[in-house]
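Chains A and B are the protein sequences, given in the same order. Residue numbers for the first sequence follow the working numbering, beginning at 1 and rising by one. Residue numbers for the second sequence follow the working numbering, beginning at 1 and rising by one.
Everything labelled a hint here was simulated from the structure, so no lab data went into it. From the three backbone atoms N, C-alpha and C, an ideal C-beta is built for every residue, glycine too. Mixed in with the good hints, there may be bad ones.
One side of the interface only, derived from the structure: several residues of chain A facing chain B at Cβ under 8 Å [as the list claims (entries may be wrong)]: (1) Gly-80; (2) Val-146; (3) Ala-173; (4) Gly-195; (5) Thr-258; (6) Leu-260.
2 protein chains.
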Amino acid sequence: MSERAAVGFIGLGLMGGPMAKNILKSGFPLTVYNRTRARTAALAEAGAEVAETPGALAAEVDFVCSCITGPADVAEVYLGDDGVVANARPGAVLVEMSTIDPGTHRQIAEAAAARGVDYLDAPVSGGVTGAEAGTLAIMTGGAPAVFEQARPVLDAMGENVVLMGPVGSGAVAKLINNMMAAITNAGVAEGMVIGAKCGLDAAQLQQVLMASAASSFMLRMLPDFTLRRNFDPGFTIDNQTKDVNLANDLARELGVPTMLGAVAAQLLRSAQAEGLGDRHIAAVIQPLERLTGVEVRGE
Amino acid sequence: MSERAAVGFIGLGLMGGPMAKNILKSGFPLTVYNRTRARTAALAEAGAEVAETPGALAAEVDFVCSCITGPADVAEVYLGDDGVVANARPGAVLVEMSTIDPGTHRQIAEAAAARGVDYLDAPVSGGVTGAEAGTLAIMTGGAPAVFEQARPVLDAMGENVVLMGPVGSGAVAKLINNMMAAITNAGVAEGMVIGAKCGLDAAQLQQVLMASAASSFMLRMLPDFTLRRNFDPGFTIDNQTKDVNLANDLARELGVPTMLGAVAAQLLRSAQAEGLGDRHIAAVIQPLERLTGVEVRGE
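Okay, chain A solo, but in the shape it has when bound:
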């Protein structure tokens, strides 16, 4: 392109902030919107325009990206009176990157199609580190031609950019990812508490397990959070609970029994009940530690 497409970004949270910054860095003219306006300051300084409403943003750009929180917020931003769909330019592409259910994506995609606007669901994995480094995995759902059109914008934010299938498929992949990760994370907690209760050195145990069949991304993260007793988010218990609930809802619609998914949701709910909702997901170990009178810590 001789002139670069204009991009809008809605939702400048822990993930959205650095994602929007990487779009700007890649040379796209950028307009941003955030409910709490103060969060737009850094991007405005870096050269982004600031819109007053999601609709005003949508009216100005070729691509709308968003990274919000749950299904209800996403539906409001897209389908509300001054929302994205009602104000998007014909031929624009909407790229919704929050972790929500596939049904909400399909609903918005239909409303967009009725106005000649294309839609992709494109949730991401890789955490704040991946968002900052532009190395996110982006699991996309939508039509292949629309995916190709949006590809340069997605490539500005991620490294593993994959089209999984029609609209909703990115969300399915992401919910599967988060349910598997939650199961693994809670399984790591159960095992490490058994080890602590037997007096094993937690750091040494984590190392030997990482060289064995129990090895996982969640186990690899253990030293940074549990072993150092650092439960600052990052990705919170509340957010993981939301995602595992969505995954279990999806499985229920599909008629797929998710025994471990259901138990993982209960363990997360126990952690929430203990007031740990705003802590890092590694804190799912804390109720178990309290019940058994041990702490999993180490160098």
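Using the hints, position chain B against chain A.
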């Protein structure tokens, strides 16, 4: 050492066979015993002596290694009338490498100590491939001086050779490993079945999940087994059930709730009930596939 210590190896199964061979390769004079004598042929040809009973083997060597199956078999081989403990040389070191409960190890260690014989529990992780390549992780429990004494023999079989604590600590680490791996493996199955039910490409899903937070050793193995519909063991559902049961028993003794460990045991039992006990652990997905009418397969 100018003259190398004599080593005995009991139990020449899928794991024990290649482990014994690596001891021989490292230059130790080796005596072997196997209940089914036919299995000693390959090692005899390679230069090992063959003993008639575990006791006869123990009487001839400085180190006894064994890799058997469950706690009952191990107890018989070690504590039986013509067993290892009654016939071991004073000053010998016994190295029991099966995956069993820490209590049985402690019981044998006490009986050995009463005869002036040292004992290590040293279960392994890494599968048949690791056994053949001599790259096993070996999780050892015992006295530091005894561990150092046995180290050259252990190094002949493994790469990650670690002393976890007193006798029984190796078994604890190994049971934790196998319970975590079983939870992760069954969680992978639940997630992949949701994906199949939504029509996602299984191979592509596995790839994007491996680049995300769900990444694990068990997920990495998926293409070799589930995706290729190859459920030949390797490590069987029956063996993993035994290990997860032992881990849950240990947790019960310790008073540690293992919600996910308990559910993983039930899922394994369901697979056993469907006649899958002698299949690879990846076959834990099959009951879920049958219930939902999908198959997780791909290139």
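Status of each hint after checking the structure:
1. Residue-level restraint check for A:Gly-80 is violated (minimum Cβ-Cβ distance to chain B is 28 Å; threshold 8 Å).
2. The restraint placing A:Val-146 at the interface with chain B is violated, with a minimum CB-CB distance near 18 Å, outside the 8 Å limit.
3. The interface hint given for A:Ala-173 holds, since its Cβ lies 6 Å from the closest Cβ of chain B, which is under the 8 Å cut-off.
4. Contact between A:Gly-195 and chain B, as hinted, is supported at the beta carbon level, the nearest pair being about 5 Å apart and thus within 8 Å.
5. The interface hint given for A:Thr-258 is met, as the beta carbon of that residue sits about 5 Å from the closest beta carbon of chain B, less than 8 Å.
6. With 8 Å as the threshold, the beta carbon of A:Leu-260 comes within range of chain B, its nearest partner Cβ sitting at about 5 Å, so the hint holds.
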